[in-house]
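Novice: The primary structure of each chain is shown beneath.
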Amino acid sequence: MAGLINDFLNWLLSWVGGSVAHESLAGYVLAGLVHVALILVLVATSALIFIWLERKISGRIQDRLGPTRVGGKFGWLQTLADGLKLLTKEDLLPGGADGMLFKIAPYISFCASIGAFIAIPFAGGHYPWIAQHLNVGVFFVLAVLGLEVFGVILAGYASASKWSLFGAMREAAQVVSYEVPLGMCVVVPVLIAGSMDLVVIGDRQAGLFTNWLVFHDPFTFITFWVYFTCATASVNRAPFDLAEAESELVAGFHTEYSGLRWSFFFMAEYGSMFSVSILAAILFLGGWHGPIPITGSLGLTAENGPFLGYLGQLLGLGNVLLKGTIGVCVMIWIRWTLPRLRIDQVMATCLKYCTPIAAVMFLGATYWHYRFPEKVFFGLADAPAAVYDVNEGWAGDEPAAAFDESQLVLNPTTKETL
Amino acid sequence: MFELPLANLLTEPVGVAHYVTVGAIMFVCGVLCMATKRNALGILMGIELVLNGANLNFIAFGSPYLRSDANSLGLDGQLIALFVIVLAAAEAAVALAIALNFYNNYGTIDVDRADQLQG
Amino acid sequence: MDSIYWPSFFFFFFGILACVFAVGVLVSRNIVRMAFYLVLSLAATSGLFFLAGAEFVGAMQLMIYVGGTMVLLVFGVMLTSQERFVDMKTWAGDWVKAFLAGGALLFVLIYAAFSVPAWRGIERAEAEALPVAQTATPLGMGLVGARVDKLDPAVEAPRDGMSGYLLPFEIVSVHLLVVLVGAAYLARAKRKITARIE
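Protein chains in written order, with this note's numbering: chain P, 1 to 418; chain F, 419 to 537; chain H, 538 to 735.
Possibly wrong hints are sitting among the right ones.
Calculated cross-link-like contacts (lysine to aspartate or glutamate; reagent style EDC-like; alpha-carbon spacing at most 16 Å) [what the hints assert, rightly or not]:
| no. | chain 1 | residue 1 | chain 2 | residue 2 |
| --- | --- | --- | --- | --- |
| 1 | H | 626 | F | 530 |
| 2 | P | 56 | P | 82 |
| 3 | H | 626 | F | 528 |
| 4 | P | 103 | P | 91 |
| 5 | P | 103 | P | 90 |
Quick caveat, the hints were computed from the structure, so don't treat them as lab data.
Start from the sequences and build out the full structure, keeping to the hints where you can.
Specialist: What follows is the structure, given as structure tokens:
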């Protein structure tokens, strides 16, 4: 993309007689900025929409209407109005607070929450729509999501208030404990697809919805529900939200935050909810592949030209966003239906239920995949032809160079070879 | 004296020596932390810095982008770094348990107060 | 002038961050700030790992070191610093001795690092021609005993040391279990003895 931007700049500058090298600085910086802007726009807009969605859904569950005044009958500009109000609030700093840590804590949470989107693909194929195509995408996303707890701890400590500190410690213990079953649940689709690359896992599920990994075997089916539970606990949503429990801790770790700083925490929370939902969609629910493969039959593939290929990828993006939104709606639905768990119940759920179930499901899925490696949909259909084979790379690429034995130096001092 | 390759730092690929320098700085900071801090947890942070400096060295010696000779460490560097990370986490857990015990018994985390065995 | 080689630029970015925050850990006097600077230093080190092609180790550094060990450390800090912002000063003499020894060590290490010509770096054309290394699968296979990155050559001599890391993997697993049990036992809730009055 940097090359394209540089060529475009060259064309622009040619009108005034200047020029820019093909590998110049401007292209790289602009390409990076474009990626950053796309991700920020996605996360911020999704946070806006989800906050409105939460108020509407919670209203309907509680037999009332939710916002109905700002922006027409459905109140969809309500979040914008709330954002404007938050921007104009007074910026407080508590008396005994550690100034630097207090100010930087919301940004850490926000950065960790958005950083997870760097490695998440929104459309796949040979040129996936992904900001950085990592070989270890799944691992990276999990690792960065686990960093969000730092913002919480620092916020709780730096607020110089015991309610904040208690809330922060509880939340840190909860998030760190739930990373264990979360990781084990994530390993199951990784082992079925054979790679930690999210594009490969998504492309493994091409075709009919019977290829989706959630229907691969009964163990993976149960793993999906355990993953969803652990993901809900990991982003501190009810029924696991005692870090922000209004009835017990005032507002938990963000008691002393107001205005724009508080809204960063809020955006971080909705961003994390969205990213774990999209991760669930890619790992288990087919990602950018819809239930019925129509991109091939409609001719929206890359072989038919770049514009049609772009439309096909756009359809994939729509699929991913739709599945992520459904996941977030389910989390909202659960929040307003189930009562809150106590901290000892939360820890018991993690250590006594989620972790053993995840471990048993891991064993079962390993055995099933060993016994029936080419079957999908509970063993009733055959797997699609792999797009990416772990040993051979992408289908259609040349094989990697074989190991050259003349390169092997036996003794660096005498330089003797085979 | 040896020549410092400063002229083309940003246009040429960095080598193992640059990684080893960063690792050395982290290592020395860690050693100084262990030597000068009175807080037991500060000493533990020094240990973490030392282990990170060593990890940087291992990764640098095993990276194909930094060395071109065929007998570089290869994946061994990364595997050893993996084991170092895991063992460092285990050692941090035990060290924290010891520090908590010390705090509960002495009421302070200052290691200069632990002089009961001093001759 | 040649165009900037971006991996070098990012190496200096992450490297300078890691060093600055490591020095910050050393000179800071507030224990929570020390923990914070250490987190940032370790995160910058993880960036350096990604740049060197060790993506799996970089992600593992973020998850285990930053996400796990540092959270543990911060918990420890909060449990043991009941007096807010307690400040334990080191004597000036200690600082002087430490800086002398540390400075000498640093000089020796950097001199040694730059004195090997092969360690100065490879040619730019060669670096740009290198393929992106896929290290996750060979790492995993190495941990279960099969070194797929060093397939058996015909000669016996280099075959030594080519077995995988299965035994260390198992030993580390048992070690972690032992540490888990030991640390939980050591840190169990006990009757608290009040501070000695000297």
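Novice: Indicate, hint by hint, whether the structure satisfies it.
Specialist: The hints, checked one at a time:
no., hint, result
1, 626/H to 530/F, "11 Å, holds"
2, 56/P to 82/P, "15 Å, holds"
3, 626/H to 528/F, "10 Å, holds"
4, 103/P to 91/P, "10 Å, holds"
5, 103/P to 90/P, "14 Å, holds"
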